[in-house]
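Using the hints, position chain B against chain A.
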Amino acid sequence: MTGASDRREVFRAGQRAILHSLPGSAAWGLVSGVAMVKGGLSVPWAILMSLSVYAGSAQLAALPLIAAGAPLWVIVATGLITNLRFVLYSAALRPYFANEPAGKRAALGFFMTDFTFTLFMRHAQLGTLPERHRDAWFAGVCANNWITWQLCAITGIVAASGVPTDWGLEFTGTLALVALVGPVLNARPAIVGGVVAAVVALLAHQMPFRLGLFVAAIAGIAAATFMDSRRAPGSPADTASST
Amino acid sequence: MSEPVAGIGLAVVIVGLALTTFLTRTSFLLAGSRLRLNHRVEVALRHAPVCTLMAIIVPDVLLHGGVAFDFSPLNPRLIGVVAAVLWLCWSRNILGCLASGMIAYSLARILL
Numbered sequence: 207m208t209g210a211s212d213r214r215e216v217f218r219a220g221q222r223a224i225l226h227s228l229p230g231s232a233a234w235g236l237v238s239g240v241a242m243v244k245g246g247l248s249v250p251w252a253i254l255m256s257l258s259v260y261a262g263s264a265q266l267a268a269l270p271l272i273a274a275g276a277p278l279w280v281i282v283a284t285g286l287i288t289n290l291r292f293v294l295y296s297a298a299l300r301p302y303f304a305n306e307p308a309g310k311r312a313a314l315g316f317f318m319t320d321f322t323f324t325l326f327m328r329h330a331q332l333g334t335l336p337e338r339h340r341d342a343w344f345a346g347v348c349a350n351n352w353i354t355w356q357l358c359a360i361t362g363i364v365a366a367s368g369v370p371t372d373w374g375l376e377f378t379g380t381l382a383l384v385a386l387v388g389p390v391l392n393a394r395p396a397i398v399g400g401v402v403a404a405v406v407a408l409l410a411h412q413m414p415f416r417l418g419l420f421v422a423a424i425a426g427i428a429a430a431t432f433m434d435s436r437r438a439p440g441s442p443a444d445t446a447s448s449t
Numbered sequence: 247m248s249e250p251v252a253g254i255g256l257a258v259v260i261v262g263l264a265l266t267t268f269l270t271r272t273s274f275l276l277a278g279s280r281l282r283l284n285h286r287v288e289v290a291l292r293h294a295p296v297c298t299l300m301a302i303i304v305p306d307v308l309l310h311g312g313v314a315f316d317f318s319p320l321n322p323r324l325i326g327v328v329a330a331v332l333w334l335c336w337s338r339n340i341l342g343c344l345a346s347g348m349i350a351y352s353l354a355r356i357l358l
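As you go down the protein sequences, you meet chains A and B in turn. The numbering of the first sequence is our numbering, which starts it at 207 and goes up by one. The numbering of the second sequence is our numbering, which starts it at 247 and goes up by one.
The set of hints was computed from the structure by calculation and includes no laboratory data. Worth double-checking, as some hints may not be accurate.
Unchecked claim - Pairwise CB distance ranges (calculated): (1) A:THR334 / B:LEU332: 16 to 26 Å; (2) A:ARG218 / B:SER337: 23 to 33 Å; (3) A:PRO277 / B:ASN339: 41 to 51 Å; (4) B:GLY253 / A:THR334: 42 to 52 Å; (5) A:SER367 / B:ARG355: 17 to 27 Å.
The C-beta atom is built at its ideal place from N, Cα and C for all residues, glycine as well.
This is chain A alone, in the form it adopts within the complex:
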């Protein structure tokens, strides 16, 4: 058995793995911070929301509803449905952490985001996860992402009036997602699934409560799985190698 220094090394490797994606998290955090204050929240409320919710897309979806004085349950339901994709992420991560104590699983879940989940799954797929201490590796990924996002969100909240909103900074977040998804679009099932998800998302964008995103994800996964099943069993290329 190797000790704590080994775990610390793996934790640092996780921190390094996300380093190049951090500008995307930074810009996205900054934009969400600015949006909260410009959307009418006072500074303390905005900071509280950023620290406790830590979900940019749900926060941005809730803001116009808060400003319009929508019924509370409508706001929370919109947040819930925006977050439904995390249920899929959680199910995908479960096999990797099933043997960890419940407290650690809860913590890893709390800090899991689109960025950190996709990065983890990409390394899982490429076989570049560390052999041991995967929890520490993922914690390192999540730690850097959380610190970056919160620092930038709080900067955006405090300095909202000084941050230019017409530079389209939030587009950096989209580009960081492109950089994450690009290398994974390497086989026909993934490409078909991605295209189906994109088309359904475009068609379903007016569904209430932002349900379209979740519906699109499910449709894409179904299409990709169908392509998987059409593949002749025993074909050498990227067969389902579940860990």
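Just chain B now, with coordinates in the frame of chain A:
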């Protein structure tokens, strides 16, 4: 239009959003070994990252203000994404991808 949500109402909303985020993110993780998903479902979920990200990215690029379709080749976001993807094909460097995408996007917004 009614008054913005504030005070106790806002506190309720923030607690509600924090709870739904926590519960969705930890759902299956906390179920742990008690709950075994069908193996085929677990294999299918390998596609969750690609499909969700595409469902986020593409409307973000092609829906102007989240409402109207913008399939024009002069759409600055489309130009930015194309530049970023071209960079990714050439090099795996993420910083370069972000920079090239932002530069192309900004230039397109200024010039077009």
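- Item | Hint numbers not upheld by this structure, sorted from lowest to highest | Failing hints: none at all.
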